[in-house]
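A.B. asks: Please take these sequences and the hints and turn them into a complete structure.
Chains as they are written, first to last, in the working numbering: chain D, 159 to 343; chain H, 159 to 343.
Think of the hints as simulated: they come from the structure by calculation, not from any bench.
Just so it is clear, CB atoms sit at the ideal spot from N, CA and C, and this is done for glycine as well.
Here are the computed distance ranges between Cβ atoms for each label pair:
#	chain 1	residue 1	chain 2	residue 2	range
1	H	Asn313	D	Lys309	44 to 52 angstroms
2	H	Glu210	D	Glu190	18 to 26 angstroms
3	D	Glu190	H	Asn316	42 to 50 angstroms
4	D	Glu199	H	Gln209	19 to 27 angstroms
5	H	Asn184	D	Asn316	55 to 63 angstroms
6	H	Asn243	D	Glu260	33 to 41 angstroms
7	H	Met198	D	Glu199	23 to 31 angstroms
8	D	Glu199	H	Glu190	28 to 36 angstroms
2 protein chains.
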Amino acid sequence: MKIGAVILAAGEGRRFGKNKLLEKINGKTIIEHVLSNVDMERAIIVGKYAQELFPYLKNEIVIYNPKWMEGISTSIKLGLRFFQNYDGVLIALGDMPFVKTEDIHKIIDSFNSECNAIIPTYKETWGNPVILSKKIFDKVMEINGDVGAKKILKNMKNLCFVECSKGVIIDIDTINDLLTFEKPP
Amino acid sequence: MKIGAVILAAGEGRRFGKNKLLEKINGKTIIEHVLSNVDMERAIIVGKYAQELFPYLKNEIVIYNPKWMEGISTSIKLGLRFFQNYDGVLIALGDMPFVKTEDIHKIIDSFNSECNAIIPTYKETWGNPVILSKKIFDKVMEINGDVGAKKILKNMKNLCFVECSKGVIIDIDTINDLLTFEKPP
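C.D. replies: Next up, the structure:
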């Protein structure tokens, strides 16, 4: 099974008020945490903060999404195009620094041709990153605006689930989140 | 026929000694000339000078090639991946500001399913940009190092040709070229 990762780092971080991905947790920026945790073939989608993020991404395939203002669906679709001949794509979020490499491996190991998607859970709460199967790429390419893949997955059959660490349900949305999680959960 | 353009702007410009794409010809940078001439769906591949070029590319899909040092083949392959479900890809060079929009249209209009590639010519000299047919994408994905698509095309059958303006054989390699062509040919 060939699986690529799309790391979404194009958002404005409106609730945060600035580029949260360069904030530090335990001495390392959030984007650096994500890059070290998602240890697989990947493309990083950037937007609003492309120029600031770039120095951290010199060794990465980086795709700039000129439509970042139109919302997360446009970034997912750009990333998918890049991996369109793969069996599946892992959609990772740039603001989820506590997803462990172990979680990533668990999610990938759970993927098989029966699943339209793999969804990581923590105590039955759906988390991220999900894997989208090639079988549903066409459906994903139809989403628009500030809508993630979850909207499509909600009404879909043949979803597979895998229980992971609490990291899969923690994103950094506000300065307060940052203070709360200064120590990893 | 669905054709996308890959604009190659990742090179170091070794013979030029600096980033030639931001040099001006008739008051407009070279990359701006290219963007206005190649008027079709496109992705711009950047490398060494990503950060300097970026302000000119805010409305474009931009792909940063972390392997730009390994040569032009790596940029072509990245671009091709993005358009892998298209019928063909036009490979345009960021340092060829004199290719006319008319030439681009001629090249596209010449494309048909019989051709493995379309090659523009000026007085029988092969020029650029070429269109590579989907049929030869696999072959192109095998090139390595500082090798362009021409190497593959040299020994290929079913090539189609179209006579274009002198612009298709003029690239800017040295400061001298820039002075010579201050007025378009």
